[in-house]
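Protein sequences appear in the order of chains A and B.
Residues in the first sequence are numbered from 1206 upward in steps of one, following my numbering.
Residues in the second sequence are numbered from 1206 upward in steps of one, following my numbering.
Note that these hints are calculated values from the structure, not bench results.
All values reported here derive from a predicted model rather than from experimental measurement.
Hints should not be assumed to be uniformly reliable.
Note that the list lumps identical chains together, so a pair holds whenever it fits in one copy or between two copies.
[To be verified] 35 Å max Cα-Cα, derived DSBU-like pairs, lysine-lysine:
id, residue 1, residue 2
1, 1272, 1222
2, 1321, 1372
3, 1272, 1229
4, 1372, 1229
2 protein chains.
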Amino acid sequence: MATTAEPIVRLTEALGKLPGIGPKSAMRLAYHVLQSSDAEVEELAESLLSLKNSLILCSRCFNVADKDPCSICADQQRDRTVICVIEKPSDIPPLERTSQFKGLYHVLHGVVSPNKGIGPDNLKIRELLPRLRDGEVREVILATNPTVEGEATAMYIRQLVTPMGVKVTKLARGLPYGSDLEYADDITLGQAINSRQGF
Amino acid sequence: MATTAEPIVRLTEALGKLPGIGPKSAMRLAYHVLQSSDAEVEELAESLLSLKNSLILCSRCFNVADKDPCSICADQQRDRTVICVIEKPSDIPPLERTSQFKGLYHVLHGVVSPNKGIGPDNLKIRELLPRLRDGEVREVILATNPTVEGEATAMYIRQLVTPMGVKVTKLARGLPYGSDLEYADDITLGQAINSRQGF
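With the hints as constraints, model all of the structure from the sequences given.
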């Protein structure tokens, strides 16, 4: 016989589907919600429901946005000579937090993955090319993830972009800040040696 | 200028108010929601909204419940001779997971805390006494938290219950499973020595 009231179990199960939230955390969160004010619970529920309805894709960079063009593409302060190509919209906040990049973005919405039947035409790769034709863009930074599929996608795009006379770069590979050589994996350490930098 | 669309920021802020979810996790969760199916998002929002509306307090044990009496109080398989007194409804699932307790509960909804102006009359302490008068209950386990306020609340209840001829116990204090003496705090280790058990 269940000892927990059904509405608590229901919320626990719904919260437990979110990434990084296990069954125990989900139950603790459900009990926390029970003690929260009605206004807080309603705000959370409404922001969940309104999320998708109020978002579109920017017609230039394909970032999720509440207006078209998105606030980054519309911002005249951004450097329009550099485009950073990323896999997904959620890659933008961490890059913005670094304050090291002031250019524009281009969101691919995935990576080439023959196993999953995802080819270049299923991504926003073709849509990148017109953005490079007016001569304003001088550099494309390929910031796909350092995985087999991410690297393969980057190589595919490099083949398309290089003939257009645009410089192509990728994010540096090497040891993460605060790491320890003793615990670094072989591939990372190998790349850190091969890509060693002047000091 | 904000670089993240407002609906994403709104959901991130609402999720960030939940305990244990920092700003970065909240943003990752918001982007995850963006990729979830409409049905999943609606289920989460609706289970949030329906939680409080569909819950009441059990009139016997004061646990949150979807019916009165709650499923534990109504379960004739439970041992009606023992009542475990706890601070809050969310203390029940971890106790149930142990499978070691088959009795009934009594939820205080807080602890005595003079600093916060919470006295015994603000808690469900008085409501415990009628449950002990019919002679069926033989033991009350005081399972308030091992904190200053939890202990003080337990001592207060002990003074009320002992004259009624009911046995009063508390949860064992000692070293947690899997811990290491070298890292145990002084109070825990002291209690483990003083409450040493036959072996």
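In ascending order, which of the hints set out earlier in this document are inconsistent with the structure?
Violated: none.
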